[in-house]
Structure formats: C-alpha cells, structure tokens
Amino acid sequence: EAGVAQSPRYKIIEKRQSVAFWCNPISGHATLYWYQQILGQGPKLLIQFQNNGVVDDSQLPKDRFSAERLKGVDSTLKIQPAKLEDSAVYLCASSLDRFPVTSTDTQYFGPGTRLTVL
Amino acid sequence: QQQVKQSPQSLIVQKGGISIINCAYENTAFDYFPWYQQFPGKGPALLIAIRPDVSEKKEGRFTISFNKSAKQFSLHIMDSQPGDSATYFCAATSGSRLTFGEGTQLTVNP
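Protein chains in written order, with the numbering used here: chain A, 1 to 118; chain B, 1 to 110.
Derived by calculation from the structure, the hints in this document are not laboratory data.
Be a bit skeptical, because a hint or two may be false.
Now the in silico label distances, taken between C-beta atoms and shown as ranges [claimed, not checked]:
{"id": "1", "chain 1": "A", "residue 1": "R64", "chain 2": "B", "residue 2": "E59", "range": "37 to 45 Å"}
{"id": "2", "chain 1": "A", "residue 1": "Q17", "chain 2": "B", "residue 2": "G17", "range": "42 to 50 Å"}
{"id": "3", "chain 1": "B", "residue 1": "S94", "chain 2": "A", "residue 2": "D74", "range": "22 to 30 Å"}
{"id": "4", "chain 1": "A", "residue 1": "D74", "chain 2": "B", "residue 2": "P82", "range": "21 to 29 Å"}
{"id": "5", "chain 1": "B", "residue 1": "Q14", "chain 2": "A", "residue 2": "S27", "range": "23 to 31 Å"}
{"id": "6", "chain 1": "B", "residue 1": "N27", "chain 2": "A", "residue 2": "P61", "range": "21 to 29 Å"}
{"id": "7", "chain 1": "B", "residue 1": "K5", "chain 2": "A", "residue 2": "T116", "range": "22 to 30 Å"}
{"id": "8", "chain 1": "A", "residue 1": "S66", "chain 2": "B", "residue 2": "K15", "range": "41 to 49 Å"}
Taking lysine-lysine pairs in the PhoX-like style, the calculated list, with each CA pair at most 25 Å apart, reads [to be verified]:
{"id": "9", "chain 1": "A", "residue 1": "K78", "chain 2": "A", "residue 2": "K44"}
{"id": "10", "chain 1": "A", "residue 1": "K44", "chain 2": "B", "residue 2": "K15"}
{"id": "11", "chain 1": "A", "residue 1": "K78", "chain 2": "B", "residue 2": "K42"}
{"id": "12", "chain 1": "A", "residue 1": "K83", "chain 2": "A", "residue 2": "K11"}
{"id": "13", "chain 1": "B", "residue 1": "K42", "chain 2": "A", "residue 2": "K11"}
{"id": "14", "chain 1": "A", "residue 1": "K44", "chain 2": "B", "residue 2": "K5"}
{"id": "15", "chain 1": "B", "residue 1": "K5", "chain 2": "A", "residue 2": "K78"}
No residue lacks a Cβ here, since even glycine has one placed at the ideal position from N, Cα and C.
Given these sequences and hints, build the entire structure.
Written as structure tokens, this is what we have:
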C-alpha cells in the first residue's frame, strides 16, 4: 500500500513569511497527526485529527499555526508568520484507529518537510 | 509528567556487538511503549513495541526489556549490523497520543 505522502520535501523562507505543508495519509486511515521535529530532538505532536475533527491541538501554537483536514482525508498545516525557531522537519502521520481509539494503533509517518526559516 | 527520557544521545558499536538504549518515564497513564527507527531523510518507522504487562519482547535481533516498577524500558540490538545505523526513538502512548524520547543516534562500524 502507498505510504503517507507529504509535499514539499524542502522549503526555505524568510522570517515573517507564510508557508503551507500538505499531507495525504494512507487510504482508509481515520486519524492524522502533524508533528514538529527540531534537529536533534524527538517528534512533538502539534495536532491530531480524527476524520475531519480536531482531537488534540493542545501543543499547537495557535497564534501562528493552523491546520485543517477537509473531507477527512488530506490535510494542510500553515505557519503565518514564520519565526526562526520554526525551522524543523514537519512530519505527518496517520493511523487506522478502529473505534474506540487504542494505544496500540500504529502510526505511519511520511518523509517530512524540512523547513528552514532565514 | 509527559516526558520520556532516553539515553545515550549517541552510541557507536562494532559490527556484531550489542547495542543498548535505555528509556525512563514518569507518567503511569502510559500503556504502550513502541520503539521507532529513523533513517536520514525518512520519517520514523515502528520497529518493535511492548505492553506494560510483559517484561520482554523479542523480534529477531531486537528485544525490548520492560521494568514496570522502575518505569524503565530498554532496546537491545543483538549482532548489530552497519545497516542498523540510524536514530532510534523510544516512545510511550496514552490513548493515541505518542510521546517520544530525545533519540539515540546509533553508528555501527563495519
């Protein structure tokens, strides 16, 4: 089966500019996650969608970050305006998550988008 | 309470040796403990995972040891190979939220 697709793979922007990332999860996966991975650190959850509803966005900097998952499939993550500290790899993941959601559902990660903010 | 602490930060092992990575957690709400492997330019991929009611799980050359009372778990890679060179993340799950450790960069020399 096809994996999680992300684009673009790389993006370089100036601070205060805006940027958007796109994610297409594995077909049939109900849950979609966006993570931020700063160099040398583990991924940190930004937002979790169950179908097209937000389950957890407690760690999303809502003053500059936004995300949507229209029609419960593809998702976009936007940063506006970007700061230097936003330089990171943004990972999208998806999981099947039969109802009810369990801890054992495997999350499958895409290759990520490497963002550099100058 | 949500933190997962991982050590060492980096590890160099000779081919055929044993690689050991350790993790500790505080939050007793965690109920599943996966390990992820990440190669440069790729996203993390699930390697092996364990439930807290099991003390050990082995899959091929990879073994997780779990100590519930100490809130510690570790990954052992037996007969380490150069192809195992990657970054390894321990993680812990509560519900569907995955909390990652800081990662261990493993280098296996030929």
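Quick rundown of the hints versus the structure:
1. Distance hint check: the CB atoms of R64 (chain A) and E59 (chain B) are about 41 Å apart, consistent with the given range 37 to 45 Å.
2. Checked against the hint of 42 to 50 Å, the pair Q17 (chain A) and G17 (chain B) passes, with Cβ atoms roughly 47 Å apart.
3. Hint check: S94 (chain B) to D74 (chain A), Cβ distance near 27 Å, so the stated range 22 to 30 Å holds.
4. Checked against the hint of 21 to 29 Å, the pair D74 (chain A) and P82 (chain B) fails, with Cβ atoms roughly 38 Å apart.
5. For Q14 (chain B) and S27 (chain A), the hinted distance range of 23 to 31 Å is not satisfied, since their beta carbons lie about 43 Å from each other.
6. Separation of N27 (chain B) from P61 (chain A) is about 23 Å and conforms to the stated range, judged on CB atoms against 21 to 29 Å.
7. Between K5 (chain B) and T116 (chain A) the beta carbons are some 29 Å apart, a value that agrees with the proposed interval 22 to 30 Å.
8. Between S66 (chain A) and K15 (chain B) the CB atoms are about 47 Å apart, so this pair conforms to the stated range of 41 to 49 Å.
9. The straight-line distance between the Cα atoms of K78 (chain A) and K44 (chain A) is roughly 16 Å, inside the 25 Å bound, and the hint therefore holds.
10. At most 25 Å may separate the alpha-carbon atoms for a hinted pair to count; K44 (chain A) and K15 (chain B) exceed this at roughly 32 Å.
11. For the proposed pair K78 (chain A) and K42 (chain B), the alpha carbon gap of about 21 Å is at most 25 Å, so the pair holds.
12. About 14 Å separates the Cα atoms of K83 (chain A) and K11 (chain A), which keeps this hinted pair within 25 Å; it holds.
13. Restraint check: the Cα-Cα separation between K42 (chain B) and K11 (chain A) comes to about 16 Å, which is no more than 25 Å; the hinted pair holds.
14. Taken as a hint, the K44 (chain A) and K5 (chain B) pair is honoured in the structure, with Cα atoms around 14 Å apart against an allowance of 25 Å.
15. Our distance criterion of 25 Å between C-alpha atoms is broken by K5 (chain B) and K78 (chain A), whose separation comes to about 30 Å.
Checked against the numbered hints given earlier, the structure breaks hints 4, 5, 10 and 15 and satisfies all the rest.
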